[in-house]
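> Per the numbering used here, the very first residue in the sequence shown carries number 5; after that it's consecutive.
Calculated from the structure, these hints are not laboratory results.
Be aware that one or more of the hints could be misleading.
Claimed, not checked - Pair ranges (Cβ atoms, derived): (1) G192 <-> S27: 38 to 48 angstroms; (2) P179 <-> S33: 29 to 39 angstroms; (3) G37 <-> D144: 18 to 28 angstroms.
As the list claims (entries may be wrong) - No farther apart than 25 angstroms at their CA atoms in a straight line, the calculated lysine to aspartate or glutamate pairs in the DMTMM-like style are these: (4) K126 <-> E139; (5) K276 <-> D298; (6) K60 <-> D279; (7) K276 <-> D244; (8) K126 <-> E183; (9) K60 <-> D298; (10) K60 <-> D233; (11) K60 <-> D95; (12) K60 <-> E75; (13) K60 <-> E282; (14) K126 <-> D74; (15) K126 <-> D88.
Please read these numbers as outputs of a predicted model, since none were measured by experiment.
Ideal Cβ positions, reconstructed from N, Cα and C, are used throughout, including at glycine.
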Amino acid sequence: MTNTTDILCIGSVLWDVIGRSASHMRQGSDVPGRITRLPGGVAMNIAMTLVRFGMKPTLLTAIGRDAEGDELVHSCSMLGMDTDHIYRSEDLPTDRYMAVEGANGLIAAIADAHSLEAAGAKILHPLIHGPLGSENSPFDGPIALDGNLTIALLEEIAQSPAFGRADLRVAPASPGKAERLLPFLQHGRATLYLNLEEASLLCQREFTDSASAADCLLERGARRALVTDGGNSATEASADGILTRTPPPVLVTRVTGAGDTFMAAHIAAEAKGADRDEALGRALNAAATYVSGDTPL
Numbered sequence: 005m006t007n008t009t010d011i012l013c014i015g016s017v018l019w020d021v022i023g024r025s026a027s028h029m030r031q032g033s034d035v036p037g038r039i040t041r042l043p044g045g046v047a048m049n050i051a052m053t054l055v056r057f058g059m060k061p062t063l064l065t066a067i068g069r070d071a072e073g074d075e076l077v078h079s080c081s082m083l084g085m086d087t088d089h090i091y092r093s094e095d096l097p098t099d100r101y102m103a104v105e106g107a108n109g110l111i112a113a114i115a116d117a118h119s120l121e122a123a124g125a126k127i128l129h130p131l132i133h134g135p136l137g138s139e140n141s142p143f144d145g146p147i148a149l150d151g152n153l154t155i156a157l158l159e160e161i162a163q164s165p166a167f168g169r170a171d172l173r174v175a176p177a178s179p180g181k182a183e184r185l186l187p188f189l190q191h192g193r194a195t196l197y198l199n200l201e202e203a204s205l206l207c208q209r210e211f212t213d214s215a216s217a218a219d220c221l222l223e224r225g226a227r228r229a230l231v232t233d234g235g236n237s238a239t240e241a242s243a244d245g246i247l248t249r250t251p252p253p254v255l256v257t258r259v260t261g262a263g264d265t266f267m268a269a270h271i272a273a274e275a276k277g278a279d280r281d282e283a284l285g286r287a288l289n290a291a292a293t294y295v296s297g298d299t300p301l
């Protein structure tokens, strides 16, 4: 099928409720700070960054037909995303994510993506049964996919003919969902984006650096792997070799969404023709700018 959209973003689109404090925090801390509610979710965070880099993403997700869902869809449209193919459920509420961040990083987070999981394959209907694609005429552009989908649905995507011609880019959504990406190692059709902890969980090995983690992911079957490690070196590994770069040092003011920003910036750079080294550098710079607080929330 002829590609009629810049990129598909498949996965969680929800409301982020995030409390941030400039204080160091521990379990039981009660400190002053700010609480925000903004459109979020892995697929949404990726889409927002892609828009900033001049791309128009199409969202495939599940959003309830409640008031929060109507507001969320409207926000996505206003941000420059195609919302025409979102599955709107009559009986499932709009999902939410809640996190607390201190000066010492992420303290705790809960992702409530139960409606996305319950919707299952319904969110893929436009991609499998048209108008975006089908098994006989598959979508042939880039797809950003997150691991908030069920294991069964991710397994289906990893081997479905409807995804056979796509440039599939996959992130796990969180360390707790890293092992859901195992089908993409077994079927070897995706580029994987993980942090060091997620790579260790997926490979069931402890890594001390991004290069060894990315190399192991290739050995385990990934087509390509990008592994980040906070302010330490990040690595891109493929059949063309292993490339490692160090991000610029910045003062960290937020962490939620940093990995999504890295992934989106890397996709956008390659879409504009950047080579491996330039694309990795642009992605690291974008993530560093994001965590420093110099880009809009």
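> Would you pick out the hints that fail for this structure and give their numbers low to high?
Hints 2, 3, 10, 11 are the ones this structure does not satisfy, whereas the remaining hints hold.
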